[in-house]
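Chemist: Each chain, letter by letter, is given below.
Protein chains: 2
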Amino acid sequence: MNFCSQCGAAAIELRVPEGDTLPRYVCAACHTIHYRNPKIVVGCLPEWRGKVLLCKRAIVPRLGLWTLPAGFLENGETLAAGALRETLEEAKAQVDIGELYTVISLPHISQVYMMFRARLASLDFGPGPESLEVRLFDEDDVPWGELAFRTITRTLRNYFLDRKLGGLRLHVSAIEKRATLKPELTGAA
Amino acid sequence: MNFCSQCGAAAIELRVPEGDTLPRYVCAACHTIHYRNPKIVVGCLPEWRGKVLLCKRAIVPRLGLWTLPAGFLENGETLAAGALRETLEEAKAQVDIGELYTVISLPHISQVYMMFRARLASLDFGPGPESLEVRLFDEDDVPWGELAFRTITRTLRNYFLDRKLGGLRLHVSAIEKRATLKPELTGAA
Numbered sequence: 001m002n003f004c005s006q007c008g009a010a011a012i013e014l015r016v017p018e019g020d021t022l023p024r025y026v027c028a029a030c031h032t033i034h035y036r037n038p039k040i041v042v043g044c045l046p047e048w049r050g051k052v053l054l055c056k057r058a059i060v061p062r063l064g065l066w067t068l069p070a071g072f073l074e075n076g077e078t079l080a081a082g083a084l085r086e087t088l089e090e091a092k093a094q095v096d097i098g099e100l101y102t103v104i105s106l107p108h109i110s111q112v113y114m115m116f117r118a119r120l121a122s123l124d125f126g127p128g129p130e131s132l133e134v135r136l137f138d139e140d141d142v143p144w145g146e147l148a149f150r151t152i153t154r155t156l157r158n159y160f161l162d163r164k165l166g167g168l169r170l171h172v173s174a175i176e177k178r179a180t181l182k183p184e185l186t187g188a189a
Numbered sequence: 001m002n003f004c005s006q007c008g009a010a011a012i013e014l015r016v017p018e019g020d021t022l023p024r025y026v027c028a029a030c031h032t033i034h035y036r037n038p039k040i041v042v043g044c045l046p047e048w049r050g051k052v053l054l055c056k057r058a059i060v061p062r063l064g065l066w067t068l069p070a071g072f073l074e075n076g077e078t079l080a081a082g083a084l085r086e087t088l089e090e091a092k093a094q095v096d097i098g099e100l101y102t103v104i105s106l107p108h109i110s111q112v113y114m115m116f117r118a119r120l121a122s123l124d125f126g127p128g129p130e131s132l133e134v135r136l137f138d139e140d141d142v143p144w145g146e147l148a149f150r151t152i153t154r155t156l157r158n159y160f161l162d163r164k165l166g167g168l169r170l171h172v173s174a175i176e177k178r179a180t181l182k183p184e185l186t187g188a189a
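Protein chains in written order, with our numbering: chain A, 1 to 189; chain B, 1 to 189.
Read the hints as simulated data drawn from the structure, not as lab findings.
One or more of the hints may lead you astray.
[What the hints assert, rightly or not] Covered stretches of chain A, going by a simulated chain B footprint (3 or more residues, C-beta under 8 Å):
#1 35-42
#2 105-118
#3 134-147
#4 162-174
These numbers were taken from a predicted model, which means no experiment stands behind them.
Glycine included, every Cβ here is placed at the ideal spot set by N, Cα and C.
Could you build the full structure based on these sequences and the hints that come with them?
Modeler: So, in C-alpha cells, the structure goes:
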C-alpha cells in the first residue's frame, strides 16, 4: 500500500492506532485505517461412487499439479454458494454440497481453507479455464506426489482414512509455514 | 475506494477484468485489480458448569447489548488463536478452545462467523475495554431480547437445544438480510 485509497495521499504509515493492539496501515493525512484480514478459500471434495474429482491446474501457482475445486470466497456469497461456484468454474461440475469437512488455518499466508464434502450430480464435467484436466480418482490412483497444496493433501488423506475408520467427521487444524531444512538436519545425504 | 493504493491515480473503475466473472475495483492507470473479500468473525462460547459467559457491548454497533466474545480474525492468526485473543480482550478470560460449533455465512455484509465451544479456565474474568459487563448466565437468565447479533442468538439457541437433545454438533448455516416488513405484511396493528 503506497497511497491512501480514501484521499490519495502518499502518507501511509504502519503503526498501532490509538485503542488498537496491532499495527495497521494508517493515512497520516485523512486518518483512515486500512484494515487487512485473512481470506477464505472455499471448495469441496466431489465424490462419485467412491472416487474423488480432482482438477489439474492450468494457472500459477502450482501449474500442472492436482487440486480439489476451491478458490477465494467472494463478497456477497455464502460458503456453500462459493463452493458450488468454484466447482462449476474449475471442473464444470454440478454438485450437491454436503457437510463441512476440513477447516485449515494458514496463518503465514493469512488464509483459512474451508472444504465441504459434495456429491457429484452427474458425470458431465470437464476442465474450466483454470484447469488442464479434470478426472475421477480411486484412492490408489490419487497422484499424491503431484498435489498442489498441503491443504488438499490433508483433506484427501483425512477423507480416505476416515472412510477406512468408518466415519467422516469435521477436521479443524492449522498448517504453519514449512521450514526449509538443510540436508544435515533432515538426515538426507 | 477513490484512489489507487498502488499508484495513487484517481482512476478507479468498477468493471469485470478480462478472464474474470465479477466486477472489481480496477485502476485504469496502473491496471492493479483491488480485490475485496469476506471477513471472518471468530469467537467462542465459554462454558462454566452449565453456564455461558456473555459480554455487554461498550462499543457501537449494538452498544449495551449482550454478545459472545468474538471479533475479526487478524492476518497471521489461526482461528483458535483469534478466538482466544478476542476472549481475552473482551472478557479478560482464559479459555480452552474446543470444537468448532457454528459457522454462519452473512452474505449481505460479507462476513462468516465461526464460533468455537470453549471451557472457561477460571472465574477470573471481567470487562475489557470493549465491554461494559461480563457475566455467566444460566439458560433461563440469558437476556434473549437483548442479544446484539442474530449470529449470537442462533449460536446460543443451538447450544441449549443440543444440550437438551444430548449431543453438540457442528451447525453450518446462513443468515440473509432481514426484510423490513410493513405492518400490513406482518399481521401487526
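Chemist: All hints are to be evaluated individually against the structure, with a verdict given for each.
Modeler: So, going through the hints one by one against the coordinates:
no.	hint	verdict
1	35-42	holds (count 6)
2	105-118	holds (count 6)
3	134-147	violated (count 0)
4	162-174	holds (count 3)
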